[in-house]
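Please build the complete structure, drawing on both the sequences and the hints.
In case you want the letters, here they are:
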Amino acid sequence: MRDKRMTADEVVGEIKDGMTVGIGGWGSRRKPMALVKAILRSDVKDLTVVTYGGPDVGLLCAAGKVRKLVYGFISLDSIPYDPWFKRARETGAIEVLELDEGMFQTGLRAAAHRLPFLPIRAGLGSDVLKYAPELKTVRSPYDDGEELVAMPALKLDVALVHLNRADRHGNAQYLGPDPYFDDLFCLAADRRYVSCEQIVETFDGPPQTLLLNRMMVDGVVEAPGGAGFTSCVPDYDRDEALQREYAEAAADLEKWPGFHERFLG
Amino acid sequence: MSDITRAEVCVAACADLFAGAGETLASPMGLIPSLGAKLARLTTEPDLLLSDGEAYLLTPESTVEGWLPYRKVFDVVAHGRRHVVMGANQVDRFGNQNISAIGDHAKPTRQLLGFRGAPGNTINHRTSYWVPRHSPRVLVDAVDVISGVGYDHAVGPFHDVHRVVTNLAVLDFDTPDHSMRVVSVHPGVSIDEVQKQTSFPLVVQDVTETRLPTDEELELIRTRLDPNGKRDKEVPS
Numbered sequence: 001m002r003d004k005r006m007t008a009d010e011v012v013g014e015i016k017d018g019m020t021v022g023i024g025g026w027g028s029r030r031k032p033m034a035l036v037k038a039i040l041r042s043d044v045k046d047l048t049v050v051t052y053g054g055p056d057v058g059l060l061c062a063a064g065k066v067r068k069l070v071y072g073f074i075s076l077d078s079i080p081y082d083p084w085f086k087r088a089r090e091t092g093a094i095e096v097l098e099l100d101e102g103m104f105q106t107g108l109r110a111a112a113h114r115l116p117f118l119p120i121r122a123g124l125g126s127d128v129l130k131y132a133p134e135l136k137t138v139r140s141p142y143d144d145g146e147e148l149v150a151m152p153a154l155k156l157d158v159a160l161v162h163l164n165r166a167d168r169h170g171n172a173q174y175l176g177p178d179p180y181f182d183d184l185f186c187l188a189a190d191r192r193y194v195s196c197e198q199i200v201e202t203f204d205g206p207p208q209t210l211l212l213n214r215m216m217v218d219g220v221v222e223a224p225g226g227a228g229f230t231s232c233v234p235d236y237d238r239d240e241a242l243q244r245e246y247a248e249a250a251a252d253l254e255k256w257p258g259f260h261e262r263f264l265g
Numbered sequence: 001m002s003d004i005t006r007a008e009v010c011v012a013a014c015a016d017l018f019a020g021a022g023e024t025l026a027s028p029m030g031l032i033p034s035l036g037a038k039l040a041r042l043t044t045e046p047d048l049l050l051s052d053g054e055a056y057l058l059t060p061e062s063t064v065e066g067w068l069p070y071r072k073v074f075d076v077v078a079h080g081r082r083h084v085v086m087g088a089n090q091v092d093r094f095g096n097q098n099i100s101a102i103g104d105h106a107k108p109t110r111q112l113l114g115f116r117g118a119p120g121n122t123i124n125h126r127t128s129y130w131v132p133r134h135s136p137r138v139l140v141d142a143v144d145v146i147s148g149v150g151y152d153h154a155v156g157p158f159h160d161v162h163r164v165v166t167n168l169a170v171l172d173f174d175t176p177d178h179s180m181r182v183v184s185v186h187p188g189v190s191i192d193e194v195q196k197q198t199s200f201p202l203v204v205q206d207v208t209e210t211r212l213p214t215d216e217e218l219e220l221i222r223t224r225l226d227p228n229g230k231r232d233k234e235v236p237s
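Chains as they are written, first to last, in the working numbering: chain A, 1 to 265; chain B, 1 to 237.
Be aware that a few hints might be false.
Unchecked claim - Here are some of the chain B residues that sit facing chain A, going by a computed Cβ distance under 7 Å:
#, residue
1, Gly53
2, Glu54
3, Gly66
4, Gly117
5, Pro132
6, Pro136
7, Tyr151
8, Val155
9, Gly156
As the list claims (entries may be wrong) - No farther apart than 30 Å at their CA atoms in a straight line, the calculated lysine-lysine pairs in the DSSO-like style are these:
#, chain 1, residue 1, chain 2, residue 2
10, A, Lys155, B, Lys107
11, A, Lys16, B, Lys107
12, A, Lys255, B, Lys107
13, A, Lys45, B, Lys107
14, B, Lys230, A, Lys86
Claimed, not checked - Beyond 10 Å from chain A on every Cβ pair, some chain B residues (computed):
#, residue
15, Ala55
16, Thr59
17, Glu65
18, Gly188
19, Ile191
20, Val204
I should point out that these hints are in silico values taken from the structure, not numbers from a laboratory. Using N, Cα and C, we set each Cβ at its ideal position, and we do this for glycine too.
Listed below in structure tokens is the structure:
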């Protein structure tokens with residue numbers, strides 16, 4: 001079996017300007033921050049970022065890496081709003097596709113199943129469709145004749161996810177209460193990279209926690225603390241103090257360079 | 001029991017949102033709706049299902065009775081056995097709600113959370129709103145961005161915006177054109193005050209006073225559900 005271990009910088013070396021990058025986790029939970037940091041250190045630009053967004057979004061916006069953002073929400077959970085994301089939106093710095101969070105999942109699922117779209121009710125009647133005229137509806141071919149949103153596949157060039165454990169071959173395990181959508185991100189992407197708290201020879205715990213198998217993964221990065229200040233339970237909770245520091249610096253452009261330098265180490 | 005606070009009235013009004021819900025997932029956002037859902041579970045709605053806000057369904061004794069990570073929450077949304085109580089940066093006359101952005105969505109004056117699950121919730125199952133500070137800036141004539149779908153934009157078989165509970169009143173859409181109506185004003189609040197704090201004309205007929213919590217409910221709120229009185233920070237008396 002192949003040994004897929006690599007470094008975070010090697011992962012980012014696979015990301016080219018203009019690519020569509022999906023980032024796993026949810027809000028400020030189990031974000032692949034070690035991989036995000038490697039993007040911040042790199043020259044790559046003009047990315048389309050697809051994410052249930054947390055501080056990954058603010059950091060990438062701050063570094064000018066984002067051309068377009070596809071999201072259902074951006075939040076730091078214990079802090080509702082991300083100041084960098086707000087600034088990027090309020091200055092019109094980024095293009096956006098803002099979706100209902102169920103539509104977002106359905107788009108990933110369509111990509112994972114190699115379908116052009118999947119139907120969903122969410123979005124009908126709301127302004128999601130008004131601000132995204134590229135989204136179409138489809139009529140049920142059956143007797144009900146119901147009109148539904150034809151959610152297009154959200155195809156990813158690259159998926160970046162962070163799990164608790166992985167082996168060198170790309171099998172990976174979550175140990176917290178929620179898998180989020182990391183498996184779907186991997187299935188929707190051409191190139192799939194998982195960072196983990198620890199690389200192991202064999203897995204402990206119930207087999208249902210083995211979220212990713214090696215068919216779904218092209219590279220494995222061992223990155224202890226790799227979710228940064230976002231939570232990665234049971235290995236660690238969110239670092240609320242560091243997150244507050246991030247949010248305060250993000251809200252104050254004079255404080256930002258100092259924080260950014262410290263954060264990138 | 002005496003000295004019943006406005007916050008306690010709001011908790012009971014939120015509990016009443018779930019009347020008749022049965023084995024339904026209650027998804028309250030914010031402290032007062034959460035206390036309301038727990039209160040309903042402990043009193044009139046023992047079959048209600050409650051999540052811990054993460055991935056577990058918990059009994060009132062905090063025993064795990066189920067697993068509901070986000071992916072399964074989305075299944076429940078589509079399946080429809082759910083009553084969500086969302087917040088609202090804006091909510092309008094016909095029950096449209098905005099948690100996305102203030103101003104022009106292309107370049108907002110104030111970016112908010114995003115659409116989140118509001119479009120899917122409102123098109124799939126019963127939805128109510130909680131407004132801790134009833135004011136003309138929140139109760140607007142028309143929202144800037146439609147996140148949650150109101151009656152004038154409703155489509156499909158499952159749209160059901162139930163009620164809006166605020167720090168001043170309980171409101172619903174049970175009128176011929178589904179425009180917002182005052183159901184009850186909280187004790188000590190006048191109908192004029194509610195209208196003054198609302199940007200559009202409310203339907204006012206047969207308005208009652210919001211009920212007081214019972215002694216049993218007060219006991220539960222004060223000693224079991226919120227012994228540290230966090231509710232008074234969300235709704236000062």
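Taking the hints in turn, this is what the structure says about them:
1. Gly53: For Gly53/B, the interface hint is violated, since the closest Cβ of chain A sits about 10 Å away, which is over 7 Å.
2. Glu54: Status holds, d = 6 Å.
3. Gly66: violated (12 Å)
4. Gly117: holds (5 Å)
5. Pro132: violated (14 Å)
6. Pro136: violated (22 Å)
7. Tyr151: violated (10 Å)
8. Val155: holds (5 Å)
9. Gly156: holds (6 Å)
10. Lys155/A with Lys107/B: Distance ~26 Å between Lys155/A and Lys107/B Cα, so the pair holds.
11. Lys16/A with Lys107/B: Since the Cα atoms of Lys16/A and Lys107/B sit roughly 28 Å apart, the hinted pair holds (cutoff 30 Å).
12. Lys255/A with Lys107/B: Distance ~25 Å between Lys255/A and Lys107/B Cα, so the pair holds.
13. Lys45/A with Lys107/B: holds (22 Å)
14. Lys230/B with Lys86/A: holds (29 Å)
15. Ala55: Nearest chain A Cβ is 4 Å from Ala55/B, so the label is violated.
16. Thr59: holds (16 Å)
17. Glu65: For Glu65/B, whose nearest Cβ neighbour in chain A is about 14 Å away, the distance exceeds 10 Å, so it holds.
18. Gly188: About 30 Å separates Gly188/B from the closest Cβ of chain A, which puts it past 10 Å; holds.
19. Ile191: The claim stands: Ile191/B keeps its Cβ more than 10 Å from every Cβ of chain A (closest is about 31 Å).
20. Val204: It holds; Val204/B is separated from chain A by about 27 Å at its closest Cβ, greater than 10 Å.
The structure is inconsistent with the numbered hints 1, 3, 5, 6, 7 and 15, although it conforms to all the rest.
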